[in-house]
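Listed below, chain by chain, are the residues.
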Amino acid sequence: MNRLDTAAAPAAPPALVQPIAPRWLAAVAVAAVGAGLWLGQSVATAPQIKQSDVAFRLAALAALPLPAILLQWLSLPVQGPARRWMGEAAGAQVDRTLAFSWRALLAALAFPLGLALAALGSPQGAPAHDAILKAALLSGLAQVLAHGLGAMALLMALGAMAGSTKDLWQTMSGGGAFGPAQAAPLLYAPAAALVAALVPVAALSAVWGARAELLSVPMLGAAVVLAALAMGQSVRAVRRAVAPLLHTALLQVEAAHQTPFAEQQILPQPPGWLTWTAAQHPAARWLSLAWGRQRPTSLASTAGLAVLGAVWATPQALPAALAGLGAAIGLYSAVRAAILDSEAALQCAHWLGASPTQLRAGQQKLAVALAAPALLAGLAGWVAAVGAVAGAGLGWLLLRWSLPRWPIPRDRTVWPRLALLAYGAALAAVGS
Amino acid sequence: MSESSQTQGQGFGGPILACTGLSKRYGNHVVLQQVELAVATGEILVLLGENGAGKTTLMRLLSGELLPDAGTIAVGGVDLHAQPEQARAKLVYVSQRPPLAPLASLREHAQAMAAFRQLDPQHLASGLAELADVFSLTRAIDLPVKSLSGGMAHKAALSLALLSGAPLVLLDEPNTGLDVRSALALRQRILQQRSAGTTFVLASHLAEATLAVADRAVVVARTAIARTFSKEELQAFGGDARAFERQVLAAM
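Protein sequences appear in the order of chains P and W. 1 is the number of the first residue of the first sequence in my numbering; add one for each residue after it. 433 is the number of the first residue of the second sequence in my numbering; add one for each residue after it.
Hints may be right or wrong, so weigh each one.
Stated by the list, open to error - Pulled from the structure, derived: some chain P residues nowhere near chain W, Cβ distances all over 10 Å:
1. 35
2. 102
3. 129
4. 130
5. 199
6. 221
7. 289
8. 290
9. 347
10. 352
11. 364
What the hints assert, rightly or not - Sample of chain P residues with no beta-carbon within 10 Å of chain W, all distances over it, derived:
12. 30
13. 33
14. 91
15. 95
16. 100
17. 159
18. 216
19. 217
20. 220
21. 293
22. 345
23. 349
24. 350
25. 358
What the hints assert, rightly or not - Only some residues are given here: those of chain W computed to face chain P with a beta carbon under 8 Å:
26. 510
27. 514
28. 515
29. 531
30. 536
31. 540
32. 541
33. 544
34. 547
35. 548
36. 549
37. 599
38. 605
39. 681
40. 684
In case anyone wonders, no lab produced these hints; they're calculated from the structure. Note that CB positions come from ideal geometry on N, CA and C, so glycine has one too.
Based on the provided sequences and hints, a complete structural model is requested.
Printed below as a string of structure tokens:
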């Protein structure tokens with residue numbers, strides 16, 4: 001048996017092993033309760049079940065990303081070598097991730113909890129009272145199942161990785177000719193988790209859509225409790241089964257992370273619209289190259305936001321308000337990512353000979369290019385358009401505040417964040 | 433006792449780098465105090481000294497990466513702090529951990545550098561191919577820097593610096609992580625570019641390499657330049673690295 005799996009290793013400092021600080025999880029939980037309460041109150045007096053339906057589907061969608069993020073975090077071995085060097089056992093590393101998963105689940109459950117509180121607070125005879133309570137319980141059930149299945153997918157993927165070979169990874173990746181190193185682990189654990197999480201959400205969504213009236217509140221409540229117990233036991237059983245393999249598995253993940261990219265020499269180019277926008281500007285071209293490679297998922301999410309906005313074109317106030325908030329967050333995030341997350345690329349560009357003036361102009365050009373697709377969210381209605389403009393405004397403020405000094409002090413991004421939160425609250429008030 | 437190294441190397445052009453009264457402290461720890469240094473165009477100056485003596489701090493000050501507490505630095509007659517963009521365009525600095533973009537290749541770095549420094553892309557491409565051959569980087573030229581070993585990444589950064597066209601090249605421990613063949617190739621390349629008018633300031637611990645390339649060497653110790661070896665003095669060692677080391681140690 002591997003020594004690292006069994007030895008009593010000294011604990012690594014919390015700063016090294018915490019994927020997300022507990023205070024952020026607490027903040028997410030508080031925000032989720034607030035959002036649940038607001039949504040619950042908004043739909044409590046609705047005569048039809050339609051708006052509860054929106055509430056359920058949103059809560060269920062919220063259940064999806066967390067397992068995938070969690071699994072991707074573990075499968076990207078950023079801290080793996082440091083942890084091993086400090087003597088942390090592989091089993092402890094996985095256990096910390098799973099513990100984080102359960103804490104994150106509690107934070108995520110705050111949203112249906114807020115919904116349920118809103119339902120309990122509404123008049124007993126209100127038409128949507130039961131519907132909201134059912135939506136809350138059902139979304140809670142979706143989250144419990146998504147997390148449990150996601151955690152099991154992670155453990156089974158690690159078990160499979162322990163016995164895999166380089167040839168297998170290359171076969172999986174179609175000869176290894178795919179994107180950057182970060183894309184390699186996406187092949188297994190996070191993808192499996194997404195599928196695992198999608199199944200219960202899709203199934204429950206179908207049940208809800210077809211027979212919402214037939215579901216009883218006690219039955220759903222019992223289902224949530226039973227599911228939580230069953231998932232807890234199942235994850236524990238799988239964890240025990242793969243325990244001897246974890247050390248090898250984490251080493252394999254690290255090796256897989258390096259292999260395809262190093263051997264195939266494939267460097268993905270940024271998308272056409274970014275390249276086109278930055279064509280005449282060397283600093284913007286360089287930053288878009290670095291940004292596209294560092295944050296490939298941001299490209300997808302930015303484009304996804306545009307599609308969502310276009311598809312979700314509706315005169316209804318609630319979806320439009322949500323699209324507006326989404327547009328604001330999307331725009332602000334894109335601009336912020338362009339400014340802060342490309343810091344390494346900025347330093348490199350400066351080292352290569354770009355002047356601060358060139359870099360500043362390049363950042364502004366890139367920010368505008370990134371903002372363009374998110375502006376399409378404005379198609380969802382006037383509230384969304386206001387959201388998009390507000391997001392662009394916040395991004396502009398960030399640019400104005402951050403760029404006069406270089407390198408960029410991170411603490412100066414607090415104010416735009418607070419402004420974004422205030423804007424979200426104001427939008428929520430308008431929407432309700 | 434410290435001595436000034438304001439006097440630039442003999443037999444070279446006017447000064448491309450001149451600093452006066454340069455001082456730097458980190459908190460209460462004084463690293464450099466009232467350092468005077470001038471480097472002539474086309475000269476190779478080597479900074480020697482113990483770990484922590486202040487060589488890297490001096491290099492970072494000269495490159496504009498750090499602000500001095502007191503003193504001035506002029507690069508090609510341009511004040512580094514009054515006109516940083518103009519002054520920095522005249523130099524390139526390779527630290528021990530050069531800030532390359534991890535997900536871009538050496539070729540892409542070179543292309544970006546050509547755009548930023550307005551160099552001829554074709555000329556740069558052929559220069560890169562030549563240096564990649566010299567440094568055994570040909571297979572790595574299109575790989576992301578992240579996937580290169582430490583030594584390979586260091587050679588990539590050195591290649592970019594040598595191709596930058598900057599008249600002043602600052603290299604901090606350039607031989608670290610280099611194999612023997614690459615170290616010799618680097619030495620040859622430095623001498624070749626010096627003949628074409630490029631000025632080099634190198635921080636090094638290697639006595640033999642210093643004797644092989646330096647026109648002048650200064651020992652940084654006790655917050656100042658403790659000793660200067662002129663070209664004649666260096667030549668007088670006749671390649672005897674041990675004798676040179678003894679004198680450097682005595683100066684520390």
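To see whether the hints hold, each was checked on the structure:
1. Distance to chain W confirms residue 35 of chain P as a non-interface residue, since its nearest Cβ pair spans about 36 Å, more than 10 Å.
2. Every Cβ of chain W is farther than 10 Å from the Cβ of residue 102 of chain P; the closest lies at roughly 33 Å, confirming the non-interface assignment.
3. Separation of residue 129 of chain P from chain W is adequate, the least Cβ-Cβ distance of about 53 Å exceeding the 10 Å criterion.
4. Annotated as non-interface, residue 130 of chain P keeps its C-beta farther than 10 Å from every C-beta of chain W; the closest such distance is 52 Å.
5. With 10 Å as the threshold on Cβ separation, the claim that residue 199 of chain P sits away from chain W holds: the shortest Cβ distance comes to roughly 34 Å.
6. At roughly 49 Å from the closest C-beta of chain W, the C-beta of residue 221 of chain P stays outside 10 Å, upholding its exclusion from the interface.
7. Remark: the non-interface label on residue 289 of chain P conflicts with the geometry, its nearest Cβ contact in chain W lying 6 Å away (cut-off 10 Å).
8. Listed as outside the interface, residue 290 of chain P is inconsistent with that label: its C-beta sits roughly 5 Å from the nearest C-beta of chain W, within the 10 Å cut-off.
9. At the 10 Å boundary, the C-beta of residue 347 of chain P falls inside the reach of chain W, the nearest C-beta of that chain being 4 Å off.
10. Interface exclusion of residue 352 of chain P from chain W breaks down, the closest Cβ pair being 4 Å apart, not more than 10 Å.
11. Once the 10 Å rule is applied to beta carbons, residue 364 of chain P is consistent with being away from chain W; the minimum gap is 17 Å.
12. Residue 30 of chain P, annotated as away from the interface, keeps every beta carbon of chain W farther than 10 Å; the closest lies near 36 Å.
13. Residue placement check: residue 33 of chain P keeps its beta carbon more than 10 Å from all beta carbons of chain W (closest about 39 Å).
14. Against the 10 Å criterion, residue 91 of chain P stays outside the reach of chain W, whose nearest CB is about 29 Å from its own CB.
15. The beta carbon of residue 95 of chain P sits about 29 Å from the closest Cβ of chain W, which is more than 10 Å, so the claim that it is off the interface holds.
16. No beta-carbon of chain W is positioned within 10 Å of the beta-carbon of residue 100 of chain P; the least distance is around 26 Å.
17. Non-interface status of residue 159 of chain P relative to chain W is upheld: no Cβ of that chain comes within 10 Å, the nearest being about 28 Å off.
18. Taking the minimum C-beta to C-beta distance to chain W, about 53 Å, the non-interface status of residue 216 of chain P holds against the 10 Å cut.
19. Interface exclusion of residue 217 of chain P from chain W stands, the closest Cβ pair being 51 Å apart, more than 10 Å.
20. With a cut of 10 Å on Cβ distances, residue 220 of chain P stays outside the contact zone with chain W, its closest approach being about 47 Å.
21. Residue-level check failed: residue 293 of chain P sits 4 Å from the nearest beta carbon of chain W, not beyond 10 Å.
22. Taking the minimum C-beta to C-beta distance to chain W, about 5 Å, the non-interface status of residue 345 of chain P is violated against the 10 Å cut.
23. In this structure residue 349 of chain P is not separated from chain W by more than 10 Å, as the shortest Cβ-Cβ distance comes to only about 7 Å.
24. Distance check for residue 350 of chain P against chain W: the nearest CB is about 8 Å away, which does not clear 10 Å, and the non-interface claim fails.
25. A beta-carbon of chain W comes within 10 Å of the beta-carbon of residue 358 of chain P; the shortest separation is about 7 Å.
26. Annotation: interface hint on residue 510 of chain W violated; nearest CB of chain P at approximately 13 Å, more than 8 Å.
27. A least Cβ separation of about 15 Å between residue 514 of chain W and chain P goes past the 8 Å threshold, and the interface hint is therefore violated.
28. A cut of 8 Å between beta carbons decides the hint on residue 515 of chain W: the least distance to chain P is about 11 Å, and the hint is violated.
29. Checking residue 531 of chain W against chain P: minimum C-beta separation of about 4 Å stays under 8 Å; hint holds.
30. Among the interface hints, the one on residue 536 of chain W holds; its C-beta lies about 6 Å from the nearest C-beta in chain P, closer than the 8 Å criterion.
31. The beta carbon of residue 540 of chain W is positioned within 8 Å of a beta carbon in chain P (closest approach about 7 Å), and the interface hint is therefore held.
32. Hint status for residue 541 of chain W: holds, given a least beta-carbon distance of 6 Å to chain P, under 8 Å.
33. About 5 Å separates the beta-carbon of residue 544 of chain W from the nearest beta-carbon of chain P, less than 8 Å, and the hint is met.
34. The beta carbon of residue 547 of chain W is positioned within 8 Å of a beta carbon in chain P (closest approach about 3 Å), and the interface hint is therefore held.
35. Annotation: residue 548 of chain W was flagged as interfacial toward chain P, and the flag holds, the nearest CB pair being 4 Å apart, inside 8 Å.
36. Hint status for residue 549 of chain W relative to chain P: holds, with the closest Cβ pair at about 4 Å, below 8 Å.
37. The interface hint given for residue 599 of chain W is violated, since its Cβ lies 13 Å from the closest Cβ of chain P, which is over the 8 Å cut-off.
38. Restraint check, residue 605 of chain W versus chain P: the minimum CB separation of about 17 Å is more than 8 Å; hint violated.
39. Given hint, residue 681 of chain W at the interface with chain P, is violated; its Cβ is 34 Å from that chain's nearest Cβ, farther than 8 Å.
40. With a least beta-carbon distance of about 31 Å to chain P, the hint placing residue 684 of chain W at the interface is violated under the 8 Å criterion.
Consistency note: the structure conflicts with the earlier hints numbered 7, 8, 9, 10, 21, 22, 23, 24, 25, 26, 27, 28, 37, 38, 39, 40.
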